[in-house]
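Trainee: Listed below are the residues making up each chain.
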Amino acid sequence: MYYHYALNIFLLACVNMIAVLGVSIFTGFTGLFSLGHAAFVGIGAYTAGVLTYHWYVPFPLAILAAMLASGAASLIIGVPTLRAKLRSDYFAIAIMGFGEALRVCLENLSITNGARGLSLDELSGPAWVVGALLASLAFARSLLKSRFGAMFVSVREDPVAAEMIGINLFRTRLLSLVVSAVLCGVSGALLAHRLAFIQPVMFTMTQSTQLLASVIAGGMGSVSGPVIVSLIFTALPEMLRNLEMYRLPAYGLLLVMIMIFRPQGLMGYREISDILRGARGFLSEKRR
Amino acid sequence: MFLQTLVTGLSIGAIYSLMAVGYSLIFSVLSFSNFAHGAVIMLGAYIGLALASKLGLGFALVMSGAGAGVIAMINERVAYAALRRRGAPSLYLMISAMGCSMFLENMVYATIGARFYAFPEFFGSRTVRLWGSSLSLLDLCAFVISVTAVFALHLFITRTRTGIAIRAGVNDMTMCSLMGVNTDRLISVVFFIAGAFAGVAGVFLGVRYLVYPTMGWVTNKAYIAAVIGGLGSLPGAMMGGLILGVLETLVSTYISSVMRDVFSFTALTALLICLPDGLMGAETEDKV
Amino acid sequence: MTAALLEVRGLTRVFGGIKAVDSLSFDAHEGGVTGLIGPNGAGKTTVFNLITGVYRPTAGTIRLAGESLTGRRPDDVARAGVARTFQNIRLFARMTCLENVTAPILARASYGPFAAIFRAPAASSAERAAREKAFAIMRELGIEETMSSQASNLPYGTQRKLEIARALACSPKLVLLDEPAAGMNDAETRELGGTIRRVLADFGVTILLIEHHINLVLDICDHVVVMERGALLARGAPGDIRENGAVVDAYLGRRRERAL
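Protein chains in written order, with the numbering used here: chain X, 1 to 288; chain P, 1 to 288; chain A, 1 to 260.
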């Protein structure tokens, strides 16, 4: 029984990690701020949910559709807002508005069953969830190791200098956004069929901020940091049930404290592997 | 009927302006989106609520303006000052602001509770008859007070020593500190003004709708208004707020009240495509 | 004299009614070092910003090897063959030195996102080639031993060199150097002069240089353009410039006064 409970939390954490990975690519690696990535999770969740609920579409196809829908939505917001260069605030604000507009739509459409939500089948079993997480990690790692990763980081470090070495800011930022939205879409599709229930209120700014909190606390410019922290953030509240009320204020306080005292977060601009390699080097040096 | 809708729209628009001007003022001085603005509005509304039933609306407006101003000032000192002094990227300030917003909002949620509160009736359904339309006294009052406040701010910024120093700070903060202006004090003044405006807006919103922990989310509209007017431009924020208020009211009266928020977002996106710098924003060029 | 690589004609930029650059015309000759000098506030950096597309000219044209650069986006100008350094160093601070120099080369690699995700052989070989090329450039400038340290941890002079290395990694025709010797002492400045001359010989680039160390300018430039208040004051060989009365009054003379 306890095992089952632990497994459920673990799987939920894995689903969250995929979305956190997406936000990490966008905020941690490309340096743009988003208060609306939960909207992409929501689009993924509802696309997949509506497809399996109304039309009995096979689950893999539903996931694919969720990825496409989230990616397309990110283009709709990204194209007008990321174009205005040097003022990424536009994007942060537009995506907030987009998130709210999306919620209103979801609450009022009959196909989504409005604010009451959709009851779905529990289709994302452990194999699906863990498989998708591993695939997403491999995907993110390859992308970030490639020339696109180098371009993302250059844009984060200094957009002006990046542009002057021949990087197209708009296209680079847009690519980063689309990739992050697609990952959020996958996470949404899995989440919907993991919890077997979705409601518009599950995809608001609060959720966006939690995604962001994981990335910041885990460390910007790191994949492993945010992923580890998101596991902690999912598991910890479950253990501290009676302090549930103070979970969100604590997240808020944590964000402020991190920015003031440790802006690099847990693993800022490093990976677990770097630390292990460093430790090994240190040990072998000592031996010598 | 049309005149009535127009006045309602102008009144809502004036409240948006009040929020947008404060937000834009902070943006123009520190170049970051203060996402804690909504929380200050909400706290202002609670202060007003606590005082209004005993002491009347006028006193409540003054006290919540002052209270919210002080809260905004403390917020800046605690959460932004350290970042600002070490020249942290604006991304960090935005994250810190988000943390504040999350903390304040959820602290209210955890302590006062999620209950919706209504202000006592001040105007009832008292109306003024004008050209055959009956206009709500509340709308007129909100409109007049908001516009007066924004006009007073304009006079302050253009006529007084401190105001001129703020405008100089808008252009070059480093220059200002070199010239011997006390930037810390200046920024406190800016936050006090922005907070006071937020507090007054919060009371009006509370009187018009209800008071609850997440009511600050309405600042989405203020952000959109500021972007419509051009980020960092005060007359722009004022115009943006009024335009948004009127358009929204027209949409909800003549089309559908559900579509109101969807409309705001669509209008924002359309505007960003046509006029990336907003109506009155300066051409955005970074110093190299 | 060789053909002009960069041709600037009637370049004007107005900021709020003030002409920061006022119908400026000059050439930078292929394979040479052209110095752009003038008192502070003469509009030299604005000229760089106009050439690289940060600002749009109010009037005038800029051509590189016959191709118009006027009003093009900065990344587009960079790809057309113009690279630059910045007065207040703008490195990618949290990247290693090698990554800083590799970035422009990778930005020009041709494989797409799908090749990147599936680690196609083309992607890996392009990345290896980029690292090798970056390392070679760093070795030319004598900073190869810093390759794995973080850019922000370097001493000031090395950061300047790293910025030059990053500019060279853009495979440019024209390199704009904005006060490369700022904050350096005489010995360091002399060494920088040697570096610039070596870069010129090894990479076959043309250089446009803003500099206040007048000795460095007179030493390495073969053509000097003097600006005052946005407009052209004089141009010619370094020797002629030194003799030019107007220049001495406007610029060199003022320096001498300050020195006295």
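FYI, nobody ran anything at the bench for these hints, they're computed from the structure.
A virtual CB, placed ideally from N, CA and C, is assigned to each residue, including glycine.
One or more hints might be untrue.
Selected chain X positions facing chain P (Cβ under 7 angstroms, derived; list incomplete) [to be verified]:
(1) D89
(2) L134
(3) A138
(4) P263
(5) L266
(6) G268
Simulated coverage check for chain P against chain X, where a stretch passes if three residues somewhere in it have a Cβ under 8 angstroms from a Cβ of chain X [stated by the list, open to error]:
(7) 101-113
(8) 150-157
Trainee: Hint by hint, note whether the structure agrees.
Mentor: Cross-check of the supplied hints:
Because the beta carbon of D89 (chain X) sits about 5 angstroms from the nearest beta carbon in chain P, less than 7 angstroms, this interface hint is met. A hinted interface residue such as L134 (chain X) counts as satisfied when its beta carbon comes closer than 7 angstroms to some beta carbon of chain P; here the least separation is about 29 angstroms, so the hint is violated. Given the 7 angstroms rule on beta carbons, the hint for A138 (chain X) is violated: about 28 angstroms separates it from the nearest Cβ of chain P. Among the interface hints, the one on P263 (chain X) holds; its C-beta lies about 6 angstroms from the nearest C-beta in chain P, closer than the 7 angstroms criterion.
Interface restraint check: L266 (chain X) against chain P, minimum CB-CB distance 15 angstroms, threshold 7 angstroms, status violated. Hint status for G268 (chain X) relative to chain P: violated, with the closest Cβ pair at about 12 angstroms, above 7 angstroms. Against chain X, the segment 101-113 of chain P contributes 9 residues with a C-beta closer than 8 angstroms to a partner C-beta. That satisfies the three-residue criterion, and the hint holds. With 0 residues having a Cβ less than 8 angstroms from any Cβ of chain X, the segment 150-157 of chain P misses the three-residue criterion, and the hint is violated.
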